[in-house]
Amino acid sequence: MSLRRDVRHGLRIGRAEFVRSLRGYASETRRIIGLLLLLLFFGGSLLFSLPAVYVVGRGAQSVTEIPFFDLVATAIPVGLALLATFRTLERIGRVENESLVLTTVHPRAVVIGLITAEICRIGLWFGLPLAVVAATFTAGLGAPSLLLTTAVVAAPLACCTTVWGYAVGVAVLRAFKRLPGVRRTLKVVGFVAMVGLVLVSQSFGRLLAEGSLPLEWLAATLTVGPLADYLALAFVGTPLARPFSAAAVVTFAAIVALTPVGLAVATRQASALWFTDRATGGDRGSSAAGAKATDSTGGFSTPKPLAGTNGGHVAWGLLVRGVRHPQKFTHLVMLVFFLGPLGTTIVQSSADGLGPLLAASGAGLGTYLAGATFGLNPIGDDRPQFPMLLLTPTAPRELVRGRVLAGVILGVPVAAALPLATVALGTSPLSAVGFALVGVFMCVAAAAFAVGIGAAYPIYEEREFWGATTVVPSTLVLMAFMFVVGPGTVIGLVATWFGVTGHLSATPLLAAGLGLYLLVTVGVSYGSYRYAVRRYRTYTFE
Amino acid sequence: MPSTNADADVAVEATDLRKSYGSEVALDGVSLSIPSGTVYGFLGPNGAGKTTTMRILTGLSQPTSGSVRICGLDVSDRRKLAPHVGYLPETPPLYDEFSAREQLDYVADLRDIPSETAEARIDDLLDQFGLVGDANKRIGTYSKGMKQKTAFIQSVLHEPDVLFLDEPTSGLDPRAARQIRTSIGDVADAGATVFLSTHILPVVEAVADEVGVLFDGRVVAEGTPDEVKSRAQTGGEGSLEDAFLAVTSDETQLSGVADE
Numbered sequence: 001m002s003l004r005r006d007v008r009h010g011l012r013i014g015r016a017e018f019v020r021s022l023r024g025y026a027s028e029t030r031r032i033i034g035l036l037l038l039l040l041f042f043g044g045s046l047l048f049s050l051p052a053v054y055v056v057g058r059g060a061q062s063v064t065e066i067p068f069f070d071l072v073a074t075a076i077p078v079g080l081a082l083l084a085t086f087r088t089l090e091r092i093g094r095v096e097n098e099s100l101v102l103t104t105v106h107p108r109a110v111v112i113g114l115i116t117a118e119i120c121r122i123g124l125w126f127g128l129p130l131a132v133v134a135a136t137f138t139a140g141l142g143a144p145s146l147l148l149t150t151a152v153v154a155a156p157l158a159c160c161t162t163v164w165g166y167a168v169g170v171a172v173l174r175a176f177k178r179l180p181g182v183r184r185t186l187k188v189v190g191f192v193a194m195v196g197l198v199l200v201s202q203s204f205g206r207l208l209a210e211g212s213l214p215l216e217w218l219a220a221t222l223t224v225g226p227l228a229d230y231l232a233l234a235f236v237g238t239p240l241a242r243p244f245s246a247a248a249v250v251t252f253a254a255i256v257a258l259t260p261v262g263l264a265v266a267t268r269q270a271s272a273l274w275f276t277d278r279a280t281g282g283d284r285g286s287s288a289a290g291a292k293a294t295d296s297t298g299g300f301s302t303p304k305p306l307a308g309t310n311g312g313h314v315a316w317g318l319l320v321r322g323v324r325h326p327q328k329f330t331h332l333v334m335l336v337f338f339l340g341p342l343g344t345t346i347v348q349s350s351a352d353g354l355g356p357l358l359a360a361s362g363a364g365l366g367t368y369l370a371g372a373t374f375g376l377n378p379i380g381d382d383r384p385q386f387p388m389l390l391l392t393p394t395a396p397r398e399l400v401r402g403r404v405l406a407g408v409i410l411g412v413p414v415a416a417a418l419p420l421a422t423v424a425l426g427t428s429p430l431s432a433v434g435f436a437l438v439g440v441f442m443c444v445a446a447a448a449f450a451v452g453i454g455a456a457y458p459i460y461e462e463r464e465f466w467g468a469t470t471v472v473p474s475t476l477v478l479m480a481f482m483f484v485v486g487p488g489t490v491i492g493l494v495a496t497w498f499g500v501t502g503h504l505s506a507t508p509l510l511a512a513g514l515g516l517y518l519l520v521t522v523g524v525s526y527g528s529y530r531y532a533v534r535r536y537r538t539y540t541f542e
Numbered sequence: 001m002p003s004t005n006a007d008a009d010v011a012v013e014a015t016d017l018r019k020s021y022g023s024e025v026a027l028d029g030v031s032l033s034i035p036s037g038t039v040y041g042f043l044g045p046n047g048a049g050k051t052t053t054m055r056i057l058t059g060l061s062q063p064t065s066g067s068v069r070i071c072g073l074d075v076s077d078r079r080k081l082a083p084h085v086g087y088l089p090e091t092p093p094l095y096d097e098f099s100a101r102e103q104l105d106y107v108a109d110l111r112d113i114p115s116e117t118a119e120a121r122i123d124d125l126l127d128q129f130g131l132v133g134d135a136n137k138r139i140g141t142y143s144k145g146m147k148q149k150t151a152f153i154q155s156v157l158h159e160p161d162v163l164f165l166d167e168p169t170s171g172l173d174p175r176a177a178r179q180i181r182t183s184i185g186d187v188a189d190a191g192a193t194v195f196l197s198t199h200i201l202p203v204v205e206a207v208a209d210e211v212g213v214l215f216d217g218r219v220v221a222e223g224t225p226d227e228v229k230s231r232a233q234t235g236g237e238g239s240l241e242d243a244f245l246a247v248t249s250d251e252t253q254l255s256g257v258a259d260e
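Chains A and B, in that order, are what the protein sequence lines are.
All residue numbers in the first sequence are consecutive under UniProt numbering, ending with 542.
All residue numbers in the second sequence are consecutive under UniProt numbering, ending with 260.
What the hints contain is simulated information worked out from the structure, not anything from laboratory work.
Watch out, some of these pointers could steer you wrong.
As the list claims (entries may be wrong) - Taking beta-carbon pairs under 10 Å as the criterion, some of the chain A residues facing chain B (in silico):
#, residue
1, R5
2, D6
3, H9
4, R12
5, I13
6, R23
7, G93
8, N97
9, L100
10, A109
11, S271
12, T276
13, D277
As the list claims (entries may be wrong) - Straight-line distance between alpha carbons at most 20 Å, and here's what the computed SDA-like set of lysine to any residue pairs gives:
#, chain 1, residue 1, chain 2, residue 2
14, B, K144, A, F541
15, B, K137, A, V19
16, B, K147, A, N97
17, B, K144, A, P384
18, B, K80, A, F275
19, B, K80, A, E98
20, B, K137, A, F275
21, B, K80, A, R4
22, A, K177, A, G93
23, B, K147, A, V7
24, B, K137, A, Y25
25, B, K80, A, R5
26, B, K137, B, D96
27, B, K80, B, L157
28, A, K187, A, A171
29, B, K80, A, G24
30, B, K144, B, A176
31, A, K177, B, G22
32, B, K80, A, A272
33, B, K80, A, V7
34, B, K137, A, S27
35, B, K147, B, N136
36, B, K80, A, W274
37, A, K177, A, S27
38, B, K137, A, A26
Ideal placement from N, C-alpha and C gives every residue a C-beta, glycine not left out.
Take these sequences, add in the hints, and give me the full structure.
Written out as structure tokens, the structure reads:
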């Protein structure tokens, strides 16, 4: 009786949470534009791959002809469980408005609801494209029953893996709660691991195409036979059907049996998590033990070089706040997606090319940090403080200048020091100095440019990410920044390289090109900076 | 002077509650015994432990030691407890993506209120709080007062036996505050017990039958508002605010209060 009621409540919670997600996706124009761009990009790729899928379906005579079916069949449940664990850590470990929900229904209903909503979300993001691929394959194969059998086989597996992934995720959250030190360490480890994973994944496609990956060995080592047999049940009634396997039936039974066990474990873990307080906290919010990390001694004193101007004070304030809350800069991780190919090039480059390549990379990295760290959402960042900031005698230009200055302070050491350090790797001193100078110049230009495009499209919505509630710049703004500053910096660095290595001769055309480049760089950056100042000066709360 | 009444008709019975966060003691031996149908004003300065107490009384948090029974039920039995309690925390637990009507329908579903009954109650309460015209607008577009009223409706929708309210009138305009205050009286008149935590002392004076003052994790004064005023050495003519300031400013003044 209580189980039936919990399931009913859980499904109602799941429906509500899923509807809230859908409304959240469509709540703002920028989100809709982002989704459309995503659809355009991935939908296009999917559309172009469908003919090939259809042809594979037409030609398939046996499941063994599907490349690495057994390996993929093993990877799917593992991937689903890991995804559920990650999502639990990141988002669904707690229910929103828990004071309402937990005083209204049993925790088991909440767990069922959160998992149901998550399965629906996964179904929307991954299930729909997979369904399109499966339908195309089915059409090619000429066996419509495949769609139904696939759903019947996939549903229990998705439920089981999600439930257990959730249970593991909540267990990890509990461990983090008891051991905050481990949590902090694992955050760093997890971040580094994620960056590494992204970098490795950048090279994965190329290695796969080259045939450098030992797929045969991986398939032989990692494949779990019974899982592959189970997923092959989806082909029952089609020409691809495997002979009857008792292991497949046992696996099915195990999946069905493990799901309620997983639910019980998840409920127990979740109850313990939700109804137990942190080791520190209470009505005051932090304990004496935790006070050390959140205390500051003395007043706010800006160091000498910056103390002379209000812009300097603003810059120092931004730097201090950044150091205390580095999670504010999670958007900088986007760079990692562009580092993969560059990293591969660096690794493969000859000893002669390594130094200059690293020098140029250092200048580029500094430029990126100078603009992207503080500049891409100035109004969104400052808005909570605007009632105070805009009513002080400090001019808006000082506020913007402070932001530019903070970016430059962060970017210039990287842009200058890295190129100079590569002298040790064989870069000529002239090249190193040349790259460093270009890097410093580009830092100033990028920081000034960033505040303008950031001010043009402010984001106010706060998001909690890794324990910090902060406003993250728009992805569109970040991409625009990278697509403008990236090529601009590369042109400057390439020209510098040709210049210092004597490959450029002074001609009127070169002078004109260089002049135009400098004019555009300085003009766009200055114009952008002026625009940001004007936005600050004329800002009103709507 | 913690309550020690062991009457069978007790709505809230807390015995020697203690709660520690590491080395910090949030609650230090809080005991309460609140008869059914009482409006109990729970007062205390910021950080005194009021919210912690409410979370323990609603079963959302576990005490380090001590026990709580609501309507004779152990709060750890959440399945049995849920129909008996309503809780409005300081931040209204609402979903911006829903309209008020959707939110209330949702809660009614989770409360297993039959749909016809729920519909009638929701219509009645929306009308009572002047929200009918905005009932289909998303909550994200609501003012603070509208959100608070919606959350209040949601906390009484199932007609709970004990209603816990944490700062229900904080930040509201006088009209909205009066509406909530009147509704608290209506809920109590209907026989429910109201546990009201607030800093707005005139509200407590207006509606509370009994008052408890929490200071530094301990109940330092308890009784009717008049009793608390007289015991707090305010000369019997001071307001509840004077009494509150007296009992929470210097413990040496409490000798004649908490121990009586």
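Query raised in the report: Do the alpha carbons of B/K137 and A/A26 lie within 20 Å of each other, as the hint requires?
Result: 16 Å, holds
Requested in this report: With chain B as the partner, please determine if A/N97 meets the hint condition of a C-beta pair closer than 10 Å.
Outcome: 4 Å, holds
Query raised in the report: Is B/K80 close enough to A/W274, meaning Cα to Cα at most 20 Å?
Result: 18 Å, holds
Query raised in the report: Would the pair B/K147 and A/N97 pass a check requiring their Cα atoms to be no farther apart than 20 Å?
Result: 14 Å, holds
**Report entry** Interface hint compliance - A/D6 to chain B, C-beta minimum distance less than 10 Å
**Finding:** 9 Å, holds
Requested in this report: Would you check the hint for B/K137 and B/D96, treating anything up to 20 Å between C-alpha atoms as holding?
Outcome: Answer holds: B/K137 to B/D96 is near 10 Å, not above 20 Å.
Query raised in the report: Is the hint on A/D277 kept, meaning its closest Cβ partner in chain B is under 10 Å away?
Result: 6 Å, holds
Requested in this report: Quickly compare the C-alpha distance for B/K80 and B/L157 to 20 Å and report which way the hint goes.
Outcome: 17 Å, holds
Report task. May I ask you to test the interface hint for A/R12 with respect to chain B, counting a Cβ-Cβ separation under 10 Å as satisfied? Result -> 5 Å, holds
Query raised in the report: Would the pair B/K80 and A/A272 pass a check requiring their Cα atoms to be no farther apart than 20 Å?
Result: 18 Å, holds
Query raised in the report: Taking 20 Å as the top limit, are the C-alpha atoms of B/K137 and A/Y25 close enough?
Result: The hint holds at about 18 Å.
Query raised in the report: Holds or violated: B/K144 with A/F541, Cα cutoff 20 Å?
Result: 18 Å, holds
Checked against the numbered hints given earlier, this structure breaks hints 7, 20, 23, 29, 37; the rest are met.
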